[in-house]
Amino acid sequence: MSAAQVLLEMRSITKTFPGVTALAEVNLVVRESEIHAICGENGAGKSTLMKVLSGVYPHGAYSGEILYRGEEVRFGDIRASEHAGIVIIHQELALVPDMSITENVFLGNEPRKRGAIDWKSAQRRVLELMEQVGLKEDPDTLIKDIGVGKQQLVEIAKAFAKDVKLLILDEPTAALNEDDSRHLLDLLCEFKRQGITSIIISHKLNEIEAVADSITILRDGRTIETLDVRAGGVNEDRIVRGMVGRELSSRFPEHTPDISEVFFEVRDWTVRHPISTERLVCKGSSFTVRRGEIVGFAGLMGAGRTELAMSLFGRSYGVWQGGHIYLNGEEIQLKSVSDAIRHGLAYVSEDRKAIGLNLLDDIKTSIVAAKPAKVARYGVIDEAAKHRVAEEYRRDLRIKTPTVDEGVAKLSGGNQQKVVLAKWMFTDPDLLILDEPTRGIDVGAKFEIYGIIQRLAAQGKGVVVISSELPELIGLCDRIYTVFEGAITGEVARAEADPELLMKQMTTTKKTPVS
Amino acid sequence: MSGYQDLKKNFFGGTTSISRQFGMIFTLVAIILLFQVLTNGLTLTSGNLIAVVSQYSYILILAIGMLMVIVAGHIDLSVGSVAAFTGIVVAKAMQNYDLPWPAAILLGLAVGAVIGAWQGFWVAYIGVPAFIVTLAGMLVFRGGNQFIGNADTVPIPGGFRTIGAGYLPEFGLSTGYNNPTLLLGAIACAAVVWREWRARSTRQEMGARPVPLWISGVRLVVMVGVIVFATLRFAGGRVGTSLPVSGIILIVLVLAYSFYTRNTVGGRRIYAVGGNARAAELSGVKLKRVNFFVMMNMSVLAALAGMIFVARSAASGPQDGLSWELDAIAAVFIGGAAVSGGLGTISGSIVGGLVMALLNNGLQLMGVGVDLVQIIKGLVLLLAVALDVYNKSQGHFSVIGSLTRPFRRQETASAAARTAPHGESSKAPAVG
Chain A
1 MSAAQVLLEM RSITKTFPGV TALAEVNLVV RESEIHAICG ENGAGKSTLM KVLSGVYPHG
61 AYSGEILYRG EEVRFGDIRA SEHAGIVIIH QELALVPDMS ITENVFLGNE PRKRGAIDWK
121 SAQRRVLELM EQVGLKEDPD TLIKDIGVGK QQLVEIAKAF AKDVKLLILD EPTAALNEDD
181 SRHLLDLLCE FKRQGITSII ISHKLNEIEA VADSITILRD GRTIETLDVR AGGVNEDRIV
241 RGMVGRELSS RFPEHTPDIS EVFFEVRDWT VRHPISTERL VCKGSSFTVR RGEIVGFAGL
301 MGAGRTELAM SLFGRSYGVW QGGHIYLNGE EIQLKSVSDA IRHGLAYVSE DRKAIGLNLL
361 DDIKTSIVAA KPAKVARYGV IDEAAKHRVA EEYRRDLRIK TPTVDEGVAK LSGGNQQKVV
421 LAKWMFTDPD LLILDEPTRG IDVGAKFEIY GIIQRLAAQG KGVVVISSEL PELIGLCDRI
481 YTVFEGAITG EVARAEADPE LLMKQMTTTK KTPVS
Chain B
1 MSGYQDLKKN FFGGTTSISR QFGMIFTLVA IILLFQVLTN GLTLTSGNLI AVVSQYSYIL
61 ILAIGMLMVI VAGHIDLSVG SVAAFTGIVV AKAMQNYDLP WPAAILLGLA VGAVIGAWQG
121 FWVAYIGVPA FIVTLAGMLV FRGGNQFIGN ADTVPIPGGF RTIGAGYLPE FGLSTGYNNP
181 TLLLGAIACA AVVWREWRAR STRQEMGARP VPLWISGVRL VVMVGVIVFA TLRFAGGRVG
241 TSLPVSGIIL IVLVLAYSFY TRNTVGGRRI YAVGGNARAA ELSGVKLKRV NFFVMMNMSV
301 LAALAGMIFV ARSAASGPQD GLSWELDAIA AVFIGGAAVS GGLGTISGSI VGGLVMALLN
361 NGLQLMGVGV DLVQIIKGLV LLLAVALDVY NKSQGHFSVI GSLTRPFRRQ ETASAAARTA
421 PHGESSKAPA VG
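Which chain is which? The protein sequence lines are A and B, in order. The first sequence maps to residues 1 to 515 in the working numbering. The second sequence maps to residues 1 to 432 in the working numbering.
Source of the hints: derived by calculation from the structure; they are not laboratory data. Possibly wrong hints are sitting among the right ones.
[As the list claims (entries may be wrong)] Pairs of lysine to aspartate or glutamate residues, derived as EDC-like cross-links and limited to a Cα-Cα distance of at most 16 Å, are as follows:
#1 A:165 x A:34
#2 A:165 x A:32
#3 B:286 x A:339
#4 A:386 x B:205
#5 A:400 x A:442
#6 A:353 x B:281
#7 A:335 x B:281
#8 A:504 x A:485
The shape of chain B in the complex, shown without the other chains (with noise of 0.2 Å):
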């Protein structure tokens, strides 16, 4: 039977948005090499890399979350400005009530969780459009961080600075690396072999055909490359740098919500919710619940982020986390999911996310003016989405689509012709 189109489920998985994800791998490849030369390979130094992923890893928090809240249906406007009241707040309290740093951290988090609560409750429990909520909050919040901070910069203690600024402590023999990073990067490098081995036994256990043997090993070699090299490169930048304190927590969320997104009953209900919520409320599906959940854990991961930040910067201000939203938005849909909900995954946003920000790190390298930077992020975004939406809704023009639909199974491909083209186009996208 087909040839590509199985080689491609093969290598990135099974889920319903492999399409985008798909190409969005090679355009973060593609955007890779590309600035690679044009910056005479600044973009891959372990300097470039190190200050990248300081300084992008809160819009992908940020896109976590808002993936989350994407899937389920609704929007969240409010981010930036949940993400600065909570940065004002634990300034704040550290600078005048001498709250310790760990304290504060858990305060942020705190605030975040009742201003969670109070726009989920709204959300779900009234039912008000997450839109209006959320342009209500990005409001209230901005003016929040401003009435508590009097508009002004509140610095930030040395000690909470390590969530933003911080990187891993040197220990052991001098291999002139950061050993704790090594130590990272080959424990990711054991989990990568470990998953592709139980994913194998798991098809296997299902009764289907597990995966070519060939196609693992390929896959394998080009993960775990991945892997070393960007091990290295983090490892082996200016002494006292290593892959980033702010880093570590992004992998440790993407692996924890990836995992609650896709394995649990609970990151499940989400999808189901977004796809139907009629039929999942029918289902017992507890609507509010999860609709209120994902609003609230919106908001504590923009509080994270806005404490990232502060950190990093040492100072919370009145102008943080200006139109964090529409980042975080726009790598959650460039990364594949759906406008109406019910489709998306994690590693699809941070892909998405990762493309916007080394778009915008080497515009930056190569000198481009802020003002470029925005008019080619804008079209990125619109091109992307706008591409799938054709491909979807052309179906048979696409130029994958079209290269693999010959080769389908006979009982799939009369299945699609009787849904042809109302199914196609609006609801069964991906195949192709």
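So that you can see chain A by itself, here it is in the shape it has in the complex (with noise of 0.2 Å):
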């Protein structure tokens, strides 16, 4: 079984910044036809020894040597690492909203005859890839037009247009849902059987467990172990163990719901889409929230969550079109961001970077962005009061920083979100929505983030969680709502929830009864 010839091996990789080591004498072997993880947590140096691969740092930029099909290889550019049929797919999609799916598999690498881009063999190439990666769309479609897994898809797809031998995924199903994650990884099972070798990084560690051969754990930029999966005895928790190097006995924290009485209802909402104004994305959705009690949102990507959440938040998705809110027994009228933050509501967007940051702030600036007015008198900033208030909230919830003056973009994915976590939890808010709280974040930041989430339900507070991950869910949540096509389909207490009834609630139209 082990027979299988090294297609890779990467010796004593050091690479350093100045003033720190990013990766410390790291060995990855990877063998021909199989799909090899990365796992550790943020920050472990996983993307960096990518980057090296790939020749983003060029030779001479790190020590150690790669060997590549038995040879030594120095890589330049990333280029020539793309010559040798290494290709590196980042988490965020390098594709151009613009173009069309041909022009995107293509793009920098344009079949040419005479100089001039031989469109019509790039018409017939992209049908032959797009066939090898099951996506099923007219070539001309533009990729704006295409939802994100199909997205993924094609940047599989030019990965092929560049004969790819060695496919390395960083963080493939991050923003995929389990639909689309599950195709994307039946693919990377197909690929193998064609030899093709896969790296994948990923945080999604049920899925490392069901495809991966082998695993290669990095924790503080040094190899910890390599795993053989097929060897047996490994799952999630050793895997786990061997990132943070302790046990994690539990995924959530011990806690006892104290719930009471109804506080936030939202009666046959109904919101158009910005642009095809004809189509409704949120359909009559009636939910309430009580006081001290957690809600999940459950839904495949697209079902509406985030617009029912966003419309509901002053507006800020879409166009209105009926319903009511009531907040303690009155209804409530939010037309606008600020009257959504006057009336206790927040909303913690599942794209902190883009939307829920600005990453040219510091922290203290970005704690109190969303009420400045706390830390103002007649307008006036209070540094001091802002200085004090950030510090409360870095000891609070642990954000990870020598000072609160440093700026958030310099922030690891787990520490932002707390930043933004903290910005909301400062207006004070009676309900939360949290959007995909713990997208792209580690074990550790996830399970400190329940933690946070816990403690807010414990202040009496209502907490919408919107996920896209079933079991956090179910381990965090008292009661679930699951959405499909802008509607409500069911409404699922913690006791009853388990996966499988979830996902059929998730992926069907007809009202299961109210339990």
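Reconstruct the complex from the two isolated chains, following the hints.
Here it is as structure tokens:
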């Protein structure tokens, strides 16, 4: 079984940035036609290692050697590594939204005939490539018009166009729903049969457990161990132990809910799509939140959960069509974000970098950004008060930073998420809507975020959690609504929640009786 | 921990674009010293300094407004035309309707506000890019100026000229200096000392370690020294001259707008919008209001600048304010503002504007022709911004960065490594 030949060997790779060692003597052995997972917490050095491999950090910028198909290689740039058949697909997809699938697949690699782009052969070839990755779509469709799952497939087709031997995927399923994720993972297994080797970096340990043949675990820039999954005995807990260096007894903190009366209610909420206004993104949704309750919203990507949340939050999304919001039994109108904030709503966005934070700001400014008036007198900001507030949250939420004067751009994902949470906790909301609060965050930070959410609920606030990870919802929430195609299709209490039931309701329009 | 880095921060305060401002202050000093030598001491004479202030104050006033526009992520190309339009309206009103000059000033500001509201409406509420709106405004109001003035020059009566060509009155003891200017200098010194003391106590209140006492001392000595020197120069010119009235207007505006942009909720919202408009909106900032305000404010300041200019030249003409927008934009970018918005300071823009002004002035004193002056100014702008962009994109290759990075604390450094190189290159400037 392990007779498979070694395709790639990275030997004692050390990469230092001035003042800090990102990788120290890291070793990685990848065999032919296997799926090799690299695990580690954020900042463990996974991405840096892949950048060394793909030539983003050219030969000479690191020490150690890379053996590829038995020979030492020295890549000067990405082009060189791609030429050798090593293609990396980054977490942030490198596609041009206003170009067609065909154009994107051949971007930078256009088939040419006498100096001009040979569109004819491009169009022929793109069909083959799309077939190969299982993408059914008109090749002239613009990237912005297809879902993120299909975009991921376009990226892979693009890699295939470069004649890939070793495919590196950095968090390929982070933005995908369970369906698309499963499709992608099936695809990787299919590639394996075709003899293509994959390296996959992921935080989703259940996926890794399911598809990986071997797992290399990095921690603090060092190789901790390489696990052979085929030999058996590897499960999520085993991986987590390697990643964090200790046993995480439970993935969710202990918590006894203390739930009282319904204080927030939405009835018949209907919203149209902002551009194609004939489309309804929320179809008469109704739900309630009780004080001290954590309410989950489960659904596939594009089901309309974010749209529902954002349209409730001061009509920040879409065109409001109808519906009512009741707070403590009285109907309220939330026509702008400031209305929503004034009435005690907070919305923590799923995309903290694009719409959650101003990456130019420092931590303390970010924390007071949603309610600066609270640290100001007559419109003049009291710097000392701002600093004091930020310090409190830094200690309270354990934001890892030397000072609150540090820029938020420098924080890791988990700590950025804590800053965004602090920003909204500072507005002292009664209802927090958290959209994918743990996306792209490592296991340790997730655990802490769960703790914060439970503390907020214990203070008598209502918390709405939107998540694409079912285990997270089941572990955290007291009650879960399922959403499909803009409609709420079910409501499940904690005791009855199991992944299969939820998945069934997430994929059907039929409303199941309320339990 | 870090020596040099902290020193720099301590001396220049902790704002984000310190790196470039730091460089620009030295460039400014270097330019002054260079021309002082090349012109055999002409640059720092009383007469020349007074001339520089009255000649460039209106560009610096524009730079204040432009800084806010650029921080919010827009641009305003119409300021020169708006200034010229306001100038002719005010001149005509005084000539044809005998409007008293204080009323004329109010009229001018009102004209600026109306024009600003017009442009702000298109930018904020309709969503036309400011580049287009103000390009249109540039044509419309230039044409408007020539339409109203018949493409001719209209003289300005005496009283109005004070704001452009006036000086502080002489009073009190005969000291051989202009007494009001001396008084202003004394107030400035006291203010600087008070501010330093306040800053120290604020830091203590925050529980942060205040700057070492000797640094405060050195900073105070340098600043008081500069103020005393400037006061004596401005007060010691030809009898009847002093710090120009336009200079006083400028100083008041700089102080007021610096405070506004640094310390008030409204001012910081401009930065929030420029840094990430969507995030600001979802934090409850009313985008439209902020955009409307910065555009309107710019036109009001342009109107003021236009009036000061016509007051100085005693007439309003069809060529007034030509290419002022470019000088103002250049000042803002030389002063450290980011092209993508979200970064920049009023003080930086003023320093940037002074660099341009003194460069202009020094070259003119040397008798260099307008042609060469333009070439040199263009290259200075390009180099100043290019150097900064290069430093940011190369991160570790920057001279300052390579000097300071190894001394940084471990936590900071490892956090930086995580985001490197993307995080550092794109959005995390100034630390290096």
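Which constraints among the numbered hints does this structure fail? Numbers only, ascending. none
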